[in-house]
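Participant: Sequence:
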Amino acid sequence: MTSYERFDGPSGDPGGAASGQPGPPTCVRHPDRETGVRCNRCERPICHECMQQAAVGFQCPDCVAAGRKEVRAPRTVYGGRVPLGRPGAVTITLIAVNAVVWLLTYAFGYGFVSELSLVRGPALDPNAWGGAQVVGTAVGPEQWYRMLTAMFLHQQVWHIGMNMLALWTVGPQLEVLLGRARFLGLYLASGLGGAALFVLTAAPGLSSLGASGAIFGLFGAVLVLTRRQHYDLKPVLILIAINLAITFGFRSSIDWRGHVGGLVVGILVTAGLVFPPRRVRPLVQGLTFAGALLLAVLAAVFS
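At position 166 of the sequence shown the residue is numbered 338 (our numbering), and the sequence of numbers has no breaks.
Treat each hint with caution, since some may be false.
To be verified - Distance ranges between label pairs, derived from CB positions:
#	residue 1	residue 2	range
1	E287	R253	34 to 40 Å
2	T265	P203	41 to 47 Å
3	V342	L275	23 to 29 Å
By construction, these hints were calculated from the structure, which means they are not laboratory data. Since we're looking at a predicted model, the values are computed, not measured. We put the CB at the ideal spot given by N, CA and C, even for glycine.
Whenever a hint applies, use it, and build me the whole structure from the sequences.
Facilitator: Structural data, given as structure tokens:
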């Protein structure tokens, strides 16, 4: 019977591996994985899980993240971040929030509306759902939240339908021009502007709710942007005039203060966003939003 002897290399390693000879490279993030691929930026070995497709070859996750930080995010002409992903994301979200709140009004009844809508002074509502008479309270400093929540409340189907249709019509285009954050700020500032005019000027016993103030603010933004880009103002002016005519024609059931306040604040905020020179634009834009917020705070305090 033939016998074989085991041959050990100079180091005693089986198979004759030389002492100190490196083994196959392993992934920098996963040392237990052998790999033959290296990051084409830092040249560290990476496994199949860490490989990120690059313009040429592959990069490791660290180099990909570092590269993103070095590239400035694209900006709109007015300083906002260019919206990425699905167009009109903020608009869709606002519509969804309004729809959910509208459904909640049916789930919880009139008391839900009474607690979140704007009410100027002590009010007794004989038209409350179910025939109940509900006492409202002034907005006041302690109930400042009503100025925000009221803009998401609707009761009639036609009310929310018309407002959301208008939001869907102008919202996505304004998002593209201003950027998502500035568009959302404009929407909220306009709604607060309408609420501010209501709580400062409405007679005791009146109430207000709905997104109309914010929508009129978006109409004002379209007007300012049309002027800024030197387009024909007539179509926008006609649109605003028709809506104001409807507002004052049915002022017994429509809160004209919310509409006018939202329109004025929308015009002023948009002017602060798009007209300042580039070198001072971030400062002026910040002060513009701060001023709109201050207006709402003062209205709540002195209502």
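Participant: Compare the structure with each hint and give your call.
Facilitator: Do the hints match the structure? See the list:
1. E287 with R253: 34 to 40 Å: Taking Cβ atoms as reference, E287 and R253 lie about 36 Å apart, which means the hint holds.
2. T265 with P203: 41 to 47 Å: For P203 against T265, whose Cβ atoms are near 43 Å apart, the range 41 to 47 Å holds.
3. V342 with L275: 23 to 29 Å: holds, 24 Å
Hint compliance for this structure: every hint is met.
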